[in-house]
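Participant: Residue numbers (our numbering), protein chains in the order written: chain A, 509 to 764; chain B, 185 to 345.
Check the hints yourself; a few may be wrong.
Computed from the model, here is a short list of chain B residues facing chain A with C-beta under 8 angstroms [to be verified]: (1) Ser234; (2) Ile296; (3) Gln317; (4) Val344.
The calculated SDA-like cross-link candidates involving lysine to any residue, where the alpha carbons are at most 20 angstroms apart (straight line), are [unchecked claim]: (5) Lys645(A) <-> Ile714(A); (6) Lys656(A) <-> Ser302(B); (7) Lys291(B) <-> Arg638(A); (8) Lys291(B) <-> Arg641(A); (9) Lys656(A) <-> Leu301(B).
In case anyone wonders, no lab produced these hints; they're calculated from the structure.
Quick caveat: nothing in here was measured; it's all calculated off a predicted structure.
Virtual Cβ for every residue (Gly too), placed ideally from N, Cα, C.
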Amino acid sequence: MELTERHIEGLKELLYKMADDLLIMGHRNSEWTGLGPVLEEDIAFSSMAQDKLGQSLALFELLHELGENIPDIVAFTRNDKQFHNCHLVEMPIGEYDFSLARHYLFDHADAIRFAMLENSSFEGLSMISRKFRGEIKYHTMHAEAWMKQLSQGTEESKARMQSALNAAFPLALGIFEEGNYEAELKEAGIFEGEAALKSLWLKMVISELQKHGYNLPDTNDVTPTLGGRKGFHTEHLQPLLNEMSEVFQIDPGADW
Amino acid sequence: MDNRTADIYRILETIMDPEIPTISLVDLGIVTGVEWENDIPHVKLTPTFSGCPALRIMEQMVHEKLTETGYETPKVSTSFEVVWNTNMISEKGLTALKKHGLAPPPKHAGYIELDVLSDIACPLCDSRNTTMQTPFGPTLCRSMHYCKNCHNAFEAFKPVT
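Given the sequences, and given the hints that come with them, work out the whole structure.
Facilitator: Structure representation (structure tokens):
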């Protein structure tokens, strides 16, 4: 199928929000470096941070092939209004329970999203999705192992994880905020759309969490946190961007 | 494989992974092909992990080595066209990993589960009486384990699909 300008715009919108999610999630994960509750968790979050950054780079490179600026410029010179990540990923790391709940909900959505994209008609995207599969698998396994372990720990560990899930859930629903080109992307076989992704995700996380004795709030009782995809963000994003781009701002040509 | 391509592979076999100096780039399975534009070789690589920081260094090493051995303007590029997985590590490569003290990854059938990761032989005493401490390690490709037989902590090169 011949891609029209609207298809290309839709494709770019899709790539930007995925790349921004991964870049910001990666940065937040890296904030556990040196602070993890145990050494293994410190290393786990640092490793996942590195994966996320590598994956965002691959997406920014696809955008570059579509005529956008080079990855470093795109990653380090935009302000918060030009970012399209969901609010879930920009929230501060908080207590470890929140970071784990976010990690669980985000990475399961990511795993399903890239599994869907393995069949994308846009070859660049299907190629990297096949690559990411093996990497994301380790992230979802890690998240599930902790959800399970903490559900079987003490009354406190289970209660804290349930309350962290309740807090992260409306934010996680913001992952699926629809873009302006859902129909075009579906028509061109590029991506089946956020609604399809959301329904697969809900089915999976609800049943898996139930297995471990957790309950997610009813979606009818929850207002999804929207706005991130359109450039509206919380007060937490801009300070993160300032920190992330500090070296680049001092010396844009720095090499190491 | 024609003679000139075989020559390139012979050269690439002398370039070791910057983080695991016992295994060559060829045995690691990341060389996916050599193409020729007249007399100029174009070496194609595929990354082990998307976020692997050694990737640019490896490209540079290939470029330098080929230049040193008389290929004036070699091309080196990396793409996801061929997706690397740990089944692509050669038999020689698996032995080389063990020589570096890393348990080699078990062969997989396209998917990984936690129990696969726990059933790893200790590279020091070959006992299977081991436990996995964490599927993440000092580099993206390693997991950390403990051997209950010889009481040593060890690292494994983890299976990736």
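Participant: Look at each hint and say if it fits the structure.
Facilitator: The hints, checked one at a time:
1. Ser234: Interface hint status for Ser234(B): holds (4 angstroms vs cutoff 8 angstroms).
2. Ile296: Nearest chain A Cβ about 6 angstroms off; hint holds.
3. Gln317: 6 angstroms, holds
4. Val344: Given a least distance of 4 angstroms, the restraint on Val344(B) holds.
5. Lys645(A) <-> Ile714(A): 19 angstroms, holds
6. Lys656(A) <-> Ser302(B): 17 angstroms, holds
7. Lys291(B) <-> Arg638(A): Judged against 20 angstroms, a Cα distance of about 19 angstroms means the pair holds.
8. Lys291(B) <-> Arg641(A): Given that 20 angstroms is the threshold and the Cα spacing comes to 17 angstroms, the pair holds.
9. Lys656(A) <-> Leu301(B): Holds, because 18 angstroms separates the two Cα atoms, which is no more than 20 angstroms.
Checked against the numbered hints above, the structure breaks none of them.
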